[in-house]
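Using the hints, position chain B against chain A.
Line by line, the protein sequences are chains A and B.
Just so it is clear: in the first sequence, position 175 is 175 by our numbering, and no numbers are missing.
Just so it is clear: in the second sequence, position 228 is 228 by our numbering, and no numbers are missing.
A couple of the hints might just be wrong.
What the hints assert, rightly or not - Derived lysine-lysine pairs resembling BS3-like cross-links, with alpha carbons at most 30 Å apart:
| id | chain 1 | residue 1 | chain 2 | residue 2 |
| --- | --- | --- | --- | --- |
| 1 | B | Lys58 | A | Lys348 |
| 2 | B | Lys58 | A | Lys58 |
| 3 | A | Lys58 | B | Lys366 |
| 4 | B | Lys366 | A | Lys366 |
| 5 | A | Lys160 | A | Lys58 |
To be clear, the hints were calculated from the coordinates, so they are not data collected in a lab.
Remember, predicted model here, so these are calculated numbers, not experimental data.
Listed below, chain by chain, are the residues.
There are 2 protein chains.
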Amino acid sequence: MPEASLPAPLPPGSTIGILGSGQLGRMLAVAAARLGLKTHIYCEESGPAFDVATSTTKASFDDTAALTHFAGAVEAVTYEFENVPIAAARHLAALVPVRPSAKALEVAQDRLVEKEFISALSIPVAPFRAIDSAADLGAAIAQLSAPAILKTRRLGYDGKGQASVEPGADIEAVWRMVGTKPAVLEQRVAFACEISTLVVRSQSGAIGIYDCPVNTHETGILRRSVVPAHLAAADIARARAIAQTIAAALDYVGVLAVEMFHLGGDAPVGQRVMVNEIAPRVHNSGHWTIDACSVSQFENHMRAVAGWPLGSTARHSDAQMVNLIGQEALDWQRLAAEPGACLHLYGKREARAGRKMGHVTRLSPKSCPDDSGPLTAPGR
Amino acid sequence: MPEASLPAPLPPGSTIGILGSGQLGRMLAVAAARLGLKTHIYCEESGPAFDVATSTTKASFDDTAALTHFAGAVEAVTYEFENVPIAAARHLAALVPVRPSAKALEVAQDRLVEKEFISALSIPVAPFRAIDSAADLGAAIAQLSAPAILKTRRLGYDGKGQASVEPGADIEAVWRMVGTKPAVLEQRVAFACEISTLVVRSQSGAIGIYDCPVNTHETGILRRSVVPAHLAAADIARARAIAQTIAAALDYVGVLAVEMFHLGGDAPVGQRVMVNEIAPRVHNSGHWTIDACSVSQFENHMRAVAGWPLGSTARHSDAQMVNLIGQEALDWQRLAAEPGACLHLYGKREARAGRKMGHVTRLSPKSCPDDSGPLTAPGR
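Chain A on its own, in the form it takes in the complex (with noise of 0.2 Å):
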């Protein structure tokens, strides 16, 4: 796209609004009041973020008129949930500037429609199937063999909507675990370490990719990402090259998150990296960027939705970020007092079993080079 078509970027004193309220867009309010932006949070109720933000407006996404007025008081929208209704997501569009686009929404809302775009791209994912009733995921685990995974295509998280299918699994009594909704049988892949690509891309298409984080997850909740992954540099540089064709395939704007797997060093090289699943927003594997890199991509984010220059995604530290879950906040004390670690809270009244409640990133000095990538020049 040409640069003289570009709009300009919205000065210092905008106002960007968010729809969603939970911790990533009071993380996303914080970094724009960094820059001088103010914040509009738009959400069914309210959450952490209406804490931090210039306005709130408590109402239904359904709600037009409430969109409309919401629409009318801010200079563009983004988001902070895949969730978004894309009816609403569509209205906002047609009265002001909504980035990430729809399209990306459409694209992240069905695991279905995900997997397809993403195999499109020539880009590997684990080998599924569509299934729309238990004769289906019959005949799906005859040709994938188990173990695989039935996943809903909709409104699934943090292994939500989520069942495993063994060897031998009683069908029936599986279909119903998920809702008997449809939904998306994967095969279940042997990776060696799961990995993520948070890439940022700005209204120009110039791009920015933090180093890739190892992730590790537990009862489907992400438990700790450490970066450097300390991978090959072959696999590195082919998770970067995946993140941006993606996102470039999205005309994507603002920060994109891919989870991938990492086969290990017995699989194929360029087949050692399947993408996973794609969030089209801030992460919770890009936490560690807040306090270990110049411009966290909660910043970066904003950036790209006001149409500013992306800033450097380079890290000046090393970091193991660890999220608090549940009753794990209740021990914030002893985090404040245990020395370099730095601590970051929600806010959130009720420390729930499974409730991501804050996080800890601990810091150390910067071991070996930025990650980079053949394809992922501009914007560094």
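Same frame as chain A, but now just chain B:
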């Protein structure tokens, strides 16, 4: 003070009141949010801090009903500027903990009281005389010898309320330049450089001290702060000991900034570091701690106010902080595009001459170990 007598730390979700709505209040509010603490800004005028606070009150500092209402809405009160009316601080302190205490305000609000307080601790300050009339001024000039600086005792900042006294100056004219208000005449110190020490002291008396920056002023306004200072270890140790002594003497809670002159190698050892003035608050010369430390001055201030353990004051990078004053902030697009620059804008509407609009911190890899000194073990 025995631990048992300390109040319990304020848990996440508590609200800290902040008197003042400027950029320091804004950065304090953002730092509080990181810890899950809410903030409530109280000020006569709205300002940059209003955009990021959970709650705001716009009312006069002599509106006792509004102050009482504010006190009822917060668990503790702190301030972002040293000219909070003492009566307001005392009114609040009768209702809710105010940290740092009104004592620190009283000392810092009056240059004469401040200099007498510091001198009484056997800490060097520039030779000074109290001035209440043109006649006093004439006599003091004869004693101290010009060049000197006449400064009003109250309400001076960023070089306001000051007049140079050169040899042969018109005494009546100089007296009128400071508004014929009670003042202090200080001998002008031929310093090699200006430094500051940012010390944080917890409710239990634990101490943390950030590395001393070297500060450069232009027309009375801070232009640049650079760490490390690359001064002799004995001088750094002395600067740290001085700051700790003042903080302890004030039974201080929070971040205290001590601005100092470094007289260079020719001065006698032990006399090479002299106090210029103190600020009972977070300080412009500590803004680099946001980007170069795991725990910034703002977060450590809020930790102290909330009764939390102090965070580390260690830095992971060298840093150069430059203020953006007046129209310099209009250059935000170029600054945003500068690789590796950490850009901070305060969201002020009007870029008036002399107004602090933002700052830029440039990081580089850490070139030497942290400062340390004999008196600063606790809290580090």
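Results for each hint:
1. Distance check on the hinted pair: Lys58(B) and Lys348(A) sit about 27 Å apart at the alpha-carbon level, within 30 Å; holds.
2. For the hint linking Lys58(B) to Lys58(A), the alpha-carbon distance of about 24 Å falls within 30 Å, and the restraint holds.
3. Note on Lys58(A) and Lys366(B): the hinted pairing is violated, with a Cα-Cα distance of about 46 Å set against a maximum of 30 Å.
4. Note on Lys366(B) and Lys366(A): the hinted pairing holds, with a Cα-Cα distance of about 10 Å set against a maximum of 30 Å.
5. Between Lys160(A) and Lys58(A) the alpha-carbon distance is near 26 Å, which keeps this suggested pair within the 30 Å criterion.
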